[in-house]
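Chemist: Go by the hints and put chain L onto chain Z.
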Amino acid sequence: MTLVAGLRAASYGIPFQPVAGVHGSELIRVNNWQLMRDPYGSGQEVYVIPAIRPDVAVIHAAEVDEDGNARVYGSPFWDHPLTRAAGRVLVTAEKLVATDRLREQPELTLVPGFMVEAVAIVPDGAWPGSMHPYYEIDYPAVERYMEDAPGVLERHLAEAPETARNTAATGR
Amino acid sequence: MDWTPFSFIVVNLARQIRAGEITFSGVNSTLPMLACLLAKQAYDFDFTYINVAGGVEPQPVTVPLSSSDPAIVHGSPAIFANQDFYDLCARGGLDLVYLGCAQIDAEGRTNVSAIGSWENPRVRLPGGGGAAVMLPTAKRVVTWRTDHSPRALVEKLDFVTAVGHMTALITPLAVFIREPVPGSRFRLESYHPATTIGHITSHTGFRFDATHAQPAIPMTAHEHTALVALDAGAKFSAAVNG
Chain Z
1 MTLVAGLRAA SYGIPFQPVA GVHGSELIRV NNWQLMRDPY GSGQEVYVIP AIRPDVAVIH
61 AAEVDEDGNA RVYGSPFWDH PLTRAAGRVL VTAEKLVATD RLREQPELTL VPGFMVEAVA
121 IVPDGAWPGS MHPYYEIDYP AVERYMEDAP GVLERHLAEA PETARNTAAT GR
Chain L
1 MDWTPFSFIV VNLARQIRAG EITFSGVNST LPMLACLLAK QAYDFDFTYI NVAGGVEPQP
61 VTVPLSSSDP AIVHGSPAIF ANQDFYDLCA RGGLDLVYLG CAQIDAEGRT NVSAIGSWEN
121 PRVRLPGGGG AAVMLPTAKR VVTWRTDHSP RALVEKLDFV TAVGHMTALI TPLAVFIREP
181 VPGSRFRLES YHPATTIGHI TSHTGFRFDA THAQPAIPMT AHEHTALVAL DAGAKFSAAV
241 NG
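Taken in order, these protein sequences are the chains called Z and L.
Quick note: the first sequence uses the numbering used here, first residue 1, plus one each step.
Quick note: the second sequence uses the numbering used here, first residue 1, plus one each step.
Just so you know, these hints were derived from the structure itself, not from any lab.
Hints are supplied without guarantee of correctness; some may be wrong.
Calculated lysine to aspartate or glutamate pairs in the EDC-like style (CA-CA distance at most 20 Å, straight line) [to be verified]:
{"#": "1", "chain 1": "L", "residue 1": "K156", "chain 2": "Z", "residue 2": "E26"}
{"#": "2", "chain 1": "L", "residue 1": "K156", "chain 2": "L", "residue 2": "E107"}
{"#": "3", "chain 1": "Z", "residue 1": "K95", "chain 2": "Z", "residue 2": "E162"}
{"#": "4", "chain 1": "L", "residue 1": "K235", "chain 2": "Z", "residue 2": "E136"}
{"#": "5", "chain 1": "L", "residue 1": "K235", "chain 2": "Z", "residue 2": "D138"}
{"#": "6", "chain 1": "L", "residue 1": "K139", "chain 2": "L", "residue 2": "D46"}
{"#": "7", "chain 1": "L", "residue 1": "K40", "chain 2": "L", "residue 2": "D95"}
{"#": "8", "chain 1": "L", "residue 1": "K235", "chain 2": "Z", "residue 2": "E143"}
{"#": "9", "chain 1": "Z", "residue 1": "K95", "chain 2": "Z", "residue 2": "E117"}
Small disclaimer: the values here were computed from a predicted structure and weren't measured.
Bound-form chain Z, shown alone (with noise of 0.2 Å):
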């Protein structure tokens, strides 16, 4: 939460933001928080967070057109705070749709085009995580992921949708 504080503090373009709870917590003494006193004389002490920008934004969404407007079914999690606080934003996603399909419901656009600088089209691309509504979480493969062996991670990304049509495609 004072994670998302520092990014709301980039999308409203100030720097920082109060938040609530965190008194007590010794991470106000190994990020050095500041306490702010109500200026409107509540009384109230809040921790205020700095602003935090990141560079770059990369989501994964379901649809996306030419133009990068990018739809998200289901729960969005952090892609809204974190496509407005990012300095760049780019987009991967399960299918290439046409403008059209996405002017029939626009608020399911998650991303208009305008903030996108680039979209891949990348089918599986959350694997081995879920994409709703395409598909759920590979267990195995987490699994298998998790097991501190040497060569899990080359098998890891061997077996990678992306990596699997590439040597399909070319033969390496």
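Modeler: Here is chain L on its own, set in the frame of chain Z:
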């Protein structure tokens, strides 16, 4: 219907829910997720269940292993995503929140940041995930451990991540309760009938009052039926019961 470590934790987590409450379970919280789903089936009162995947009153067809899997949103009439539930908590709108811990002390403070020192940790933990905001702003917070050990239940935390309204700590052996006010310490409320207060004392790093401790109320038929249905094929219990 003897208790197992799995059933003792899930049922006692569910028993913390009160009628009319707005209840929330987060990431890496499979047992609280099951507790909320169990309470929906086993208890004859209404409460609202919100989860970290954005689900509000979900009706999952299959219960996922991960408590943040979008499958746990299925059947929700609304999506209430991350910004929304954190803000709801911050403004005092969440009645009961389940938050995990690596270490916990007698006053319900939690450490999910580091074992050893912050600057030079033996183990770097995943971090609060909002705990420092949610523990003091939720009305009540409940936590759990799948082990009952003096490594986790400590007199002094290695690092204080969050301080606030912790009211219950559930382990495979014990239910500790405290008032959500500064200075209140956990007291032993109930325990697994196959163990003793002496055994719990020797496996707990903090001192606690056990004056009014009782063996846990046996699992009811409704609780048992709901738990068996949720844990079909021992999908969840296998990891806890070993």
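Chemist: Could you run down the list of hints and mark each one as holding or not?
Modeler: Against the structure, the hints come out as follows:
Distance hint between L/K156 and Z/E26 is fulfilled; the C-alpha atoms sit about 13 Å from each other, no more than 20 Å. Pair hint L/K156 plus L/E107 holds up; C-alpha atoms about 10 Å apart against a cutoff of 20 Å. Distance restraint check for Z/K95 and Z/E162: the Cα-Cα separation of roughly 14 Å lies within the 20 Å cut-off, and the hinted pair is therefore satisfied. About 17 Å separates the Cα atoms of L/K235 and Z/E136, which keeps this hinted pair within 20 Å; it holds.
Of the supplied pair hints, the one linking L/K235 and Z/D138 holds, its CA atoms being roughly 16 Å apart against a limit of 20 Å. Only pairs whose Cα atoms come within 20 Å are accepted, and L/K139 paired with L/D46 is accepted, the gap being roughly 18 Å. For the given pair, L/K40 sits about 16 Å from L/D95 by alpha-carbon distance, which is consistent with the 20 Å threshold. For the hint pairing L/K235 with Z/E143, the CA-to-CA distance comes to about 15 Å; that is within 20 Å, so the pair holds.
Between Z/K95 and Z/E117, the direct Cα distance comes to roughly 17 Å. Compliance with the 20 Å bound is thereby established for this hinted pair.
In summary, this structure violates none of the numbered hints.
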